[in-house]
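S.K.: Chain by chain, the residues run as shown.
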Amino acid sequence: MASVEIQNVRKAYGDFETIKGVSVDVPDGAFVVLVGPSGCGKSTLLRMIAGLEEITDGTIRIGGRVINDVEPKHRDIAMVFQNYALYPHMTIAENMGFSLRLAKKPKEEIASRVTDAARILGLTDYLQRYPKQLSGGQRQRVAMGRAIVRNPKVFLFDEPLSNLDAKLRVQMRAELKDIHARIRTTTVYVTHDQIEAMTMADRIVVMRDGVVEQVGAPLDLYDKPVNTFVASFIGSPSMNFLAARVAEDRKSVATENGIRLPLGIEAPAAPGTAVTYGIRPEHLAIASVGEGVPMTVTNIEPTGSETFVQGTVDGQKISAQLRERLFIRTGEVLNLALAPTNSHVFDAATGMRLG
Amino acid sequence: MLKRKRFIFAILAILPTLAIFAYVRLYPIADTLRLSLFKWDILSKRKPFIGLANFRELMGDHLFLDALVNTTIIAFGVLFLTIPMALVIAALIFHRTRSRMAGFYETAVFIPHVVSLVPAAMAWKWIFDARLGPLNALLTFFGIPAQNWLFDPVLSVICIIVLCSWQALGYAVLIYIVGFKNLPVSLYEAAKLDGASGPQSFWHLSIPMLKPITLYVSVVTLVSGFNVYAQAFVLASDAQGAPGRQVRVLVLDMLENSFRNYRVGYAASEAVVLLVIVLVLTLIQFSMLRERSKA
Chain A
10 MASVEIQNVR KAYGDFETIK GVSVDVPDGA FVVLVGPSGC GKSTLLRMIA
60 GLEEITDGTI RIGGRVINDV EPKHRDIAMV FQNYALYPHM TIAENMGFSL
110 RLAKKPKEEI ASRVTDAARI LGLTDYLQRY PKQLSGGQRQ RVAMGRAIVR
160 NPKVFLFDEP LSNLDAKLRV QMRAELKDIH ARIRTTTVYV THDQIEAMTM
210 ADRIVVMRDG VVEQVGAPLD LYDKPVNTFV ASFIGSPSMN FLAARVAEDR
260 KSVATENGIR LPLGIEAPAA PGTAVTYGIR PEHLAIASVG EGVPMTVTNI
310 EPTGSETFVQ GTVDGQKISA QLRERLFIRT GEVLNLALAP TNSHVFDAAT
360 GMRLG
Chain B
1298 MLKRKRFIFA ILAILPTLAI FAYVRLYPIA DTLRLSLFKW DILSKRKPFI
1348 GLANFRELMG DHLFLDALVN TTIIAFGVLF LTIPMALVIA ALIFHRTRSR
1398 MAGFYETAVF IPHVVSLVPA AMAWKWIFDA RLGPLNALLT FFGIPAQNWL
1448 FDPVLSVICI IVLCSWQALG YAVLIYIVGF KNLPVSLYEA AKLDGASGPQ
1498 SFWHLSIPML KPITLYVSVV TLVSGFNVYA QAFVLASDAQ GAPGRQVRVL
1548 VLDMLENSFR NYRVGYAASE AVVLLVIVLV LTLIQFSMLR ERSKA
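These protein sequence lines are chains A and B, in that order.
So the first sequence is numbered by my numbering: it starts at 10 and just counts up by one.
So the second sequence is numbered by my numbering: it starts at 1298 and just counts up by one.
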């Protein structure tokens, strides 16, 4: 096991820079998730750690050793690919033992390590089969097994669950987390799915356009996003944003037509300052008649356990996630109570968090 | 009703092509099969049916057996020379794709396949020439005695194998490059992380995964090897204007029997033997491919 330190790393293809100076620390044994929309550079960064992409500038250390110019095979890492990259002509046992065979380990050792990994992953009955005889979830486990067998210092995952169906994805998520809890190998995991990031990570790195936007524990990111991008990216359905101005008393903000939106703290900006007011759909509730903020309903989506309501407040789009079953039609007005302590205020121009 | 109309239209649409194909492909094969059971000298109207007598005679005909052995040696020689070389060259070209010269390499390897055979063979004939050829010049430079390449029975077979491989190589390389392009990059990346060097990934990944391609290229190469004719004719036909005496191959033997000895039925029976060989090779390929897709 080892820590991974990424310092001021840049990646350029010709004049085009895809990673613009990224620094991330992955402590020993941690499960760190790189998350962001496609094209944000998270996969490139992972491939740079793996040694599949050259590092244009900056340094990457694994266990304190600079590995910029170290061959991938000498970096002591194992990677699980999105499409699993299993060797189709080898059995599961051969797939898992391939790296050991290349390292010229004795046959008995290969066999025992493959059997151990297979036991951890529940693959014992499939060792003599070929990848195409296995289901997606099983192949995913074989890819994991190939990584575990090598007992590397660092695991790298490149969107390993995105080829699975929704149900299996949830199941594999739990399994991966469980495996990590048992073997405690430092893990860097790339995904575009914020739910995967939230549920699995010790620490999340949110990236956009080759820059790190925020690093933190999942709930810190959820509770205190540094800007509107992180606020909208983390959490599902994503946060509501309303354009407003700080009110005279600084205890609330007001929309253009004077609808008051309550704040949990005193606004850290002068009265009249243009801000973006943020509140998550789950922090909205139904208010008593005559109270709260009036929303004109445009769409209702009952899921059974909850009801998602979309509508407008003072002409601005907003959505609410409510526990109640609603008997309301589109066009009607629903009064919403906004939880002041869960509200966020961002600078209207820069999108940065205020206070 | 509509279905039937469509069906008739479809038949009518492919009929011209089918007719031409039948006339130039199927009819000659059928006629060869028929002729092989007759005795005929091209000129006379008499064409007596003699059953399998032609085939029985073939079994004792030294010239034919010589030709069969030579052709088989050449075909398999070309195979064993071409396939490994094509694989390695294709791998080198593919993995250097980013080099600006990749297109040039591909073209350079493929040109021999499309270049007209006789001039190319003439060039090789000069290379192999005992007195003026650069090959012997090179050998003597290294102190190896000059060889009588085109007049020694064993060496001349080797010369033909070299010439045929040189021609077959371009096609094989091209097909292999296509094969390489279809292999998933992530497998090679996974192998790299697993600790495989370039030659190791070639050995453990490329070769096994290109098996279907190897099978296809092998059969194509073998079949064209069995049809060797002009190469032998040009390279080894010097001896007193007796074409193909030196290295007798099946097609040459057939031509000679047919148009020099006027034994058309007998030549047809040789053609049938060649047809059977090629057919068996093709069937083996098909069955191997099917087995693979079942596994």
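Since the hints were derived computationally from the structure, they do not count as laboratory data.
Incorrect hints may have been included.
Restricting the straight-line Cα-Cα distance to at most 20 Å, the calculated cross-link-like pairs of lysine to aspartate or glutamate (EDC-like) are [claimed, not checked]:
#1 B:LYS1489 to A:GLU63
#2 A:LYS82 to B:GLU1486
#3 A:LYS141 to B:GLU1588
#4 B:LYS1489 to A:GLU222
#5 B:LYS1489 to A:GLU80
#6 A:LYS162 to B:GLU1486
#7 B:LYS1489 to A:ASP85
#8 B:LYS1489 to A:GLU62
#9 B:LYS1508 to A:GLU63
#10 B:LYS1489 to A:GLU275
S.K.: Next step is simple, just say for each hint if it's right about the structure.
M.R.: Evaluation of the provided hints:
Between LYS1489 of chain B and GLU63 of chain A the CA atoms are separated by roughly 14 Å; this keeps the pair inside 20 Å, and the hint holds. Proximity of LYS82 of chain A to GLU1486 of chain B is assessed by CA-CA distance (about 11 Å); at most 20 Å being required, the pair is judged to hold. Only pairs whose Cα atoms come within 20 Å are accepted, and LYS141 of chain A paired with GLU1588 of chain B is accepted, the gap being roughly 15 Å. Our distance criterion of 20 Å between C-alpha atoms is broken by LYS1489 of chain B and GLU222 of chain A, whose separation comes to about 32 Å.
Between LYS1489 of chain B and GLU80 of chain A the CA atoms are separated by roughly 9 Å; this keeps the pair inside 20 Å, and the hint holds. Between LYS162 of chain A and GLU1486 of chain B, the direct Cα distance comes to roughly 18 Å. Compliance with the 20 Å bound is thereby established for this hinted pair. Proximity of LYS1489 of chain B to ASP85 of chain A is assessed by CA-CA distance (about 12 Å); at most 20 Å being required, the pair is judged to hold. Restraint check: the Cα-Cα separation between LYS1489 of chain B and GLU62 of chain A comes to about 12 Å, which is no more than 20 Å; the hinted pair holds.
Between LYS1508 of chain B and GLU63 of chain A, the direct Cα distance comes to roughly 33 Å. Violation of the 20 Å bound is thereby established for this hinted pair. For the proposed pair LYS1489 of chain B and GLU275 of chain A, the alpha carbon gap of about 56 Å is over 20 Å, so the pair is violated.
Consistency note: the structure conflicts with the earlier hints numbered 4, 9, 10.
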